[in-house]
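Visitor: With the hints as a guide, dock the two chains, each given alone in a separate frame, to form the complex.
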Amino acid sequence: MSQNNESNGNQASMERSDEQILALLQSESTYEQGFRALMAKYQERLYWHIRKMVYEHDDANDVIQNTFIKVYRSIAKFEGKSQLYTWLYRIATNESITFINKKKKKATSSIDNEEFNLANRLHADEYFDGDEIQMQLQLALEQLPEKQRLVFNMRYFDEMSYADISEILETSVGALKASYHHAAKKIESYLKTVAEG
Amino acid sequence: MIHNEEIRKELEEIAPYLAQQDLQLGFKVPKGYFEELTETVLESTSPLAELKKEPAFKVPANYFESLPDLVLERAAPKPVQERVPEVVSSPQPSWLDELFNSIAALFQPQYALRLAGVAALVIAGFFVFNNLNSNVEAPVLAEAEQPLLEYGISLDDLTDDDLALLLSEDTGEEGLDELEPYLDELLDDLGDLDDEDLEDFM
Numbered sequence: 001m002s003q004n005n006e007s008n009g010n011q012a013s014m015e016r017s018d019e020q021i022l023a024l025l026q027s028e029s030t031y032e033q034g035f036r037a038l039m040a041k042y043q044e045r046l047y048w049h050i051r052k053m054v055y056e057h058d059d060a061n062d063v064i065q066n067t068f069i070k071v072y073r074s075i076a077k078f079e080g081k082s083q084l085y086t087w088l089y090r091i092a093t094n095e096s097i098t099f100i101n102k103k104k105k106k107a108t109s110s111i112d113n114e115e116f117n118l119a120n121r122l123h124a125d126e127y128f129d130g131d132e133i134q135m136q137l138q139l140a141l142e143q144l145p146e147k148q149r150l151v152f153n154m155r156y157f158d159e160m161s162y163a164d165i166s167e168i169l170e171t172s173v174g175a176l177k178a179s180y181h182h183a184a185k186k187i188e189s190y191l192k193t194v195a196e197g
Numbered sequence: 198m199i200h201n202e203e204i205r206k207e208l209e210e211i212a213p214y215l216a217q218q219d220l221q222l223g224f225k226v227p228k229g230y231f232e233e234l235t236e237t238v239l240e241s242t243s244p245l246a247e248l249k250k251e252p253a254f255k256v257p258a259n260y261f262e263s264l265p266d267l268v269l270e271r272a273a274p275k276p277v278q279e280r281v282p283e284v285v286s287s288p289q290p291s292w293l294d295e296l297f298n299s300i301a302a303l304f305q306p307q308y309a310l311r312l313a314g315v316a317a318l319v320i321a322g323f324f325v326f327n328n329l330n331s332n333v334e335a336p337v338l339a340e341a342e343q344p345l346l347e348y349g350i351s352l353d354d355l356t357d358d359d360l361a362l363l364l365s366e367d368t369g370e371e372g373l374d375e376l377e378p379y380l381d382e383l384l385d386d387l388g389d390l391d392d393e394d395l396e397d398f399m
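Chains as they are written, first to last, in the numbering used here: chain A, 1 to 197; chain B, 198 to 399.
One chain only, chain B, in its complex shape (with noise of 0.2 Å):
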């Protein structure tokens, strides 16, 4: 039944027979439902009731579909990779590092010909100096000291490179003529050497 005079009158002029209709909805509802709606609807305003609705923690997108993939991909073997060395800046050699890594030098293949050579002339200088201590005889030395009698100077004043000096003015020639073969016959053995002769020589 419609109560407004002015739009009953609208309606029976638009549709007469649904005017004439006491038309009811036909819907109710719970009992006490109005009285507690209020609480209802307040106990939902609540800040606690925010909270239990929307928690505070969230994950990303999709974090759930892509979790399983994440472990996996952790938990099977990874391929074994080349170590890469450590880059480790080494602290100032010592003196005692310096002379052992000189001395390892020499024993390097390029240094050993080098070496034997020396070697060889310390030889030749030892075999040089004995030649003249057991060729040189007396007389020989008596007769170097002849002119240095006249300025009055004896052999034993002399030192032993003044010496070797004044008997190589006189017999030098001659004692190195008698060292050349064993020269020659030296510098051939060492000819024959190869690299590995030689680092097992040295």
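Excised from the complex, chain A in its bound form (with noise of 0.2 Å):
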């Protein structure tokens, strides 16, 4: 058994096209094989997205399971109408969005409590270790509307295109064009009032 899972494990390590991926996935004899392939090249990518949503790594955790885990489940119904990469990041924002909600429907503190309590749970939390600046920056994301700060991110760090973007969150490129200035402009002059202040 160590030895099947070390051999997947160094056959998912060479990376694989989304088409080879794909081809594992179809034959139940190849499917684990495939899936092994399908989280190495992807896990990380995506738990970064989710990561920039949920900003705490345990809850980024779980997160990331439910998210393969329904990549698991759902694979067979991929058409391949849209690119495998766009499909996943799809599955991983709508995981996150609903992981959101549920949270934000146990919280009963105000806006200012949750900024409040974001600085703390970033402060408390081991796996953040970023300075000034980039504490400042999650918090200026952290007042974005959900949808502006997915863009912003999608966009800033990501370097995604608009039309990937769009795929994603089946948005026209246009509305998330606007999303993507008005965010960027928030966050600047958040920046900058910080800077000066």
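Just so you know, these hints were derived from the structure itself, not from any lab.
Just so it is clear, CB atoms sit at the ideal spot from N, CA and C, and this is done for glycine as well.
You can trust all of the hints, since none of them are fake.
Which chain A residues face chain B? A few, computed with CB under 10 Å, are given here: (1) 39; (2) 69; (3) 134.
Guide: Here it is as structure tokens:
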């Protein structure tokens, strides 16, 4: 078993094309091998996409696992109409939003308190070692509406094209450009204020 | 630092101050996290993990909330209910049962008076018969035998019924007249009895 895992791990470590991964996922005998290859290729990208949304590692860990479990069960439904990675991003985004909404329902504090809580949470998080500017960036991002934050993260940090973002969020390119514009302006303003203050 | 030229130029137009910043996230992950993530996910997707997550046995909604009431309701003593007599089809009565029932019916108050009347008639018949036998003397018999002898018939040839008929034709009115006071007295006595007395008597 350990040999098989090691063998699968070695195979997965060689980054395969999406076509190769999908071909492996078509057969029951190579399904696990294909899934390992898929995770090896996309898990970090998806993790950071999720982490930027939920901030804390423990939450990101829950969401990334739920995302891949959903992928494992529904990869057969993937029709190839979109790119594999945009399909994976869409699942990860939906899982993140679902998680955030559940967490919001549990929270009883006001927006100001939540912001305060986020700063506290980041300081307490052993997996956050950002400096003051990075902390302020997170607080600035926290102030954005969810959709704007998503667009900004995907455009600024992931450097994704509007076409891909449009496919993932199922939003028109024009609307995405407007969202990105507003988000960038707000963050700049926030950081300027902090830097001047 | 933005590597994509198009994205960098776009940001410089929108937010030049922001475009000059080299913003990093500041997040990190536990050591070896991504190496273990695949195994963790595969373990979660195994059938055994599914069984562990969702138990096969379920209970109805709010079952445990209502269970104490159910138990208390069953444990509390119930008021004694009147037993409804069980309807059982009786078997066919035997001839002995029918005879017993017929006799028992005779002892009902409404039949007792009739029975007493019949008994009175029987007693009266007994008196008449005895009276005839005791009052019929040899001369009478001899006189009654005379016509029969003309036909060559002796009294010894007659049955009891024939003899009674022969005598009644000659002495019947007289015998009934003698019996009448006894019958009247008996009927008066019977008329004085109430149902309970009749039942006791029977």
